[in-house]
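> All letters in the sequence shown, in the order written, are residues 1 to 61 by full-length UniProt numbering.
Accuracy of the hints is not assured; some may be wrong.
[Unchecked claim] Distance ranges between label pairs, derived from CB positions:
#	residue 1	residue 2	range
1	V45	C7	53 to 59 Å
2	V52	R20	43 to 49 Å
3	S16	F55	54 to 60 Å
Read the hints as simulated data drawn from the structure, not as lab findings. Just so you know, even glycine gets a beta-carbon here, dropped at the ideal spot from N, CA and C.
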Amino acid sequence: MPSAGGCSAANEAATSESRRLAIVHERRALSRRLIRIGLLVLILVVIAGWLVQEFVVNGGG
Numbered sequence: 001m002p003s004a005g006g007c008s009a010a011n012e013a014a015t016s017e018s019r020r021l022a023i024v025h026e027r028r029a030l031s032r033r034l035i036r037i038g039l040l041v042l043i044l045v046v047i048a049g050w051l052v053q054e055f056v057v058n059g060g061g
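Produce the complete structure using the sequences and hints provided.
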């Protein structure tokens, strides 16, 4: 009977390890997505600021 318990413990460890790897992978994917969104927002803010400066502050000239 002890061998079944050992096998179960090893199986449980492998399951928790794969679960941990899945969580790490999910976090990496989420962080990549957030970085992409952040860069896109930054670019849009820069473009909007340039347009405001060009047309509002300088009067379009």
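> Which of the listed hints are broken here?
Violated hints: none; all satisfied.
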